[in-house]
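Chains as they are written, first to last, in the working numbering: chain A, 256 to 494; chain B, 43 to 215.
Fair warning: there could be bad hints in the mix.
[As the list claims (entries may be wrong)] One side only, chain B facing chain A, incomplete, derived with CB under 10 Å:
| # | residue |
| --- | --- |
| 1 | Phe62 |
| 2 | Leu201 |
| 3 | Leu205 |
No lab work stands behind these hints, which were simulated from the structure alone.
Glycine included, C-beta positions come from ideal geometry on N, C-alpha and C.
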Amino acid sequence: MNVHDEMSDHEVLRTASGSLSALPVASPPAVDSIVARGRARRTRRLSAVAGLSMTAAAAGTALILGLTGVLGPASARAPGTIRTAAFTLVGNANGTATLTLNPGELLNPAALQSDLQSYGIPAMVTSGSICSSDPAPAGFSQVVSVSPAGQVTATPHNGIKPTITIDPSGMPAGTELSVGYFQLSSGEYSGQQQADVVLIDTGSYTCSSTPPDPNGLPAGYGPDDGIGLLYGGPGPGGS
Amino acid sequence: MSNWHNNRHGSREAEFADFFRASWEPCLRAVVAVAGSPQLAEDQVAEAFARAWASWRKVRRHPAPRAWVVRTALNAGASWWRRRGRELPLADHDLAVPGDLDGGLDATLLTAIWRLPARQREVIALRIFLDLDTATIAGQLGIEVGTVRMHMSRGVSALRRELTPTTNLEAGQ
Chain A
256 MNVHDEMSDH EVLRTASGSL SALPVASPPA VDSIVARGRA RRTRRLSAVA
306 GLSMTAAAAG TALILGLTGV LGPASARAPG TIRTAAFTLV GNANGTATLT
356 LNPGELLNPA ALQSDLQSYG IPAMVTSGSI CSSDPAPAGF SQVVSVSPAG
406 QVTATPHNGI KPTITIDPSG MPAGTELSVG YFQLSSGEYS GQQQADVVLI
456 DTGSYTCSST PPDPNGLPAG YGPDDGIGLL YGGPGPGGS
Chain B
43 MSNWHNNRHG SREAEFADFF RASWEPCLRA VVAVAGSPQL AEDQVAEAFA
93 RAWASWRKVR RHPAPRAWVV RTALNAGASW WRRRGRELPL ADHDLAVPGD
143 LDGGLDATLL TAIWRLPARQ REVIALRIFL DLDTATIAGQ LGIEVGTVRM
193 HMSRGVSALR RELTPTTNLE AGQ
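Pulled out of the complex, with its shape left as it was, chain B reads as follows (with noise of 0.2 Å):
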């Protein structure tokens, strides 16, 4: 015999527990960008994790562990989302900009960023606060690289023109 290595539980949970530390808020933050809930999304964060460790032995090995969550969050909210249409910006009833960021700039990009289309979203999400690379993202999302580099470009550019008007206002202040 040769390659032998040894497997415990208790190892297992530890290693996880690290990975659920470290991970729960850029996966929170990634699935709030595309979901434009914090609540919801809360609740399917904490479920996705659930699924990791009861996978764990799948998902440690995983190439992007974290994706593999916040697909996992957002496909527990696949039905919640295409009651809204997923490929569509979301309503402006769905917008949930705190009171505390009303007016500021923040605001404004918040409300810019879930008026993308929801594909768009994701990728920026992924990039932002995952920062996987183009295939990785293409590879998480079942897309190909020129189609995340299209929904990138398109998102960013959305973006940009956000910014211009206010950053402009606010430089002339």
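Just chain A, with the same shape it has in the complex (with noise of 0.2 Å):
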């Protein structure tokens, strides 16, 4: 009799199942200091790079940023910087990093927060909703800056590209950034997309699906608390 012809593929997988969990393998250390573990780890990518968020202008301000494409999946890496076709991101050599947004780009928050974590930035990127906390985190304005400052239109055709410089080291102890980013679909911006980016207290925060104000930020948060992106599209200022 030819076992060859007779084993399945399940009964060779489960004989190699057998024969590799018969190697005697280490129980699992204490939890405690796999955690312990994590914890310095993201200590030391706190101090060392930097950090960055995505999106515009100082509270009560809005960038009105023309889109067209659809989401731009990540291209190429490079030792300190990201490139995707929404935004480039680069780690400065004084600990800050840089976000340069393409208006002509949509922003994909899965990769923004993949990213920026990989990246060893403490930032919450969530899609249809923003957390918040309250109180507000002070400490924003120290935190995350971008420029050009005020009220701009920006749009895959001017050549205005909003930058976002965030300086992790700023950073208040127990919170991270929290970027909300939305796709409206009623008001005056019906059609366009909102990122709002705000400091949260890591340990106590609440998530909500209605989008701040286009032109402010989640309530109980101050103008200098956080900024807010409104992406054009089809809508005024949009191209």
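Can you join these two chains into the complex? Each is in its own frame, and there are hints to help.
Here you go:
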């Protein structure tokens, strides 16, 4: 009898599993040691390089971006720099990081969060919701700055690219950036996209699916406590 | 406002602890299957879990968190594997079948598994220990579903060939 003909793929895998399972392996270490190791790693990352997050326009300000593209997947990476169709993220020598947005492309929130985290930037990028803390942590203006300042219309055609610089060393302990991204479906800016960046307390925050006022920030956040970005599109100032 | 929900640091740590305890062994065995070194794999998996905790908000929403850990562990050892050629079988001197398994079917299969090309080992390990379907494996490895099937088929065929003479020999004894 030829066993080769009789053994199904499932049987082969089951036998292989049995052999691999016969190998003695170490018991799990104490979870506390893993958590401590993870915290140390996160602390090292925070003290090493930089952060950033998306978006532009000082609170109470709106950048109107004309967006005609589709979600831009990550395309290329080099040490210290992340380039995607929608943004470029550069770690600076002084520990800050600079995010330059391309108004011609839509941001992919999941990709942005992943890229931020790969840089060791504590940021939570959510699509269709924004997280905030009550009270709002202080110190945002020491962490994030945007250029050009003021209300600017940035479109794929006028060459203006919002640039956001983040200094993670200025982030208060126990905080991270919250980036809320929305596709607006009603109101004056229907059809456009909105992103808001604020600081949150990592130990206590809530999330809402209701976008903040396009020219404002989440409830409880003052003008200096965050930035808001309104992505133009087919609407006013979009292109 | 609508759809408010609360998140608390303490509950996240408890959630991670549950995940860690339940996932340590399958993740470690999957990495051992690919790396061929339990000692090396242990440190890499520990590092991967530490990274998982550091990025728990992301990992907990991952469609296959254990696969994230395994991939992270493998990436952590990438330089080690690159020195040996990630897409090549492990060299004979890399094989480390424990002495108490010498000569048996387990030792034969372990040797056969570790002689498979790395991608075939990865595909088989993700199927065996993480119980991932073909589409999920493809997503984790960043390759096409058809490519996963090809690696799986070739790997299983190679293992089947190793099993045949051993099984026949045992049957004739």
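Notebook entry, point to check: Checked against the structure, which of the hints given earlier come out wrong?
Noted result: none
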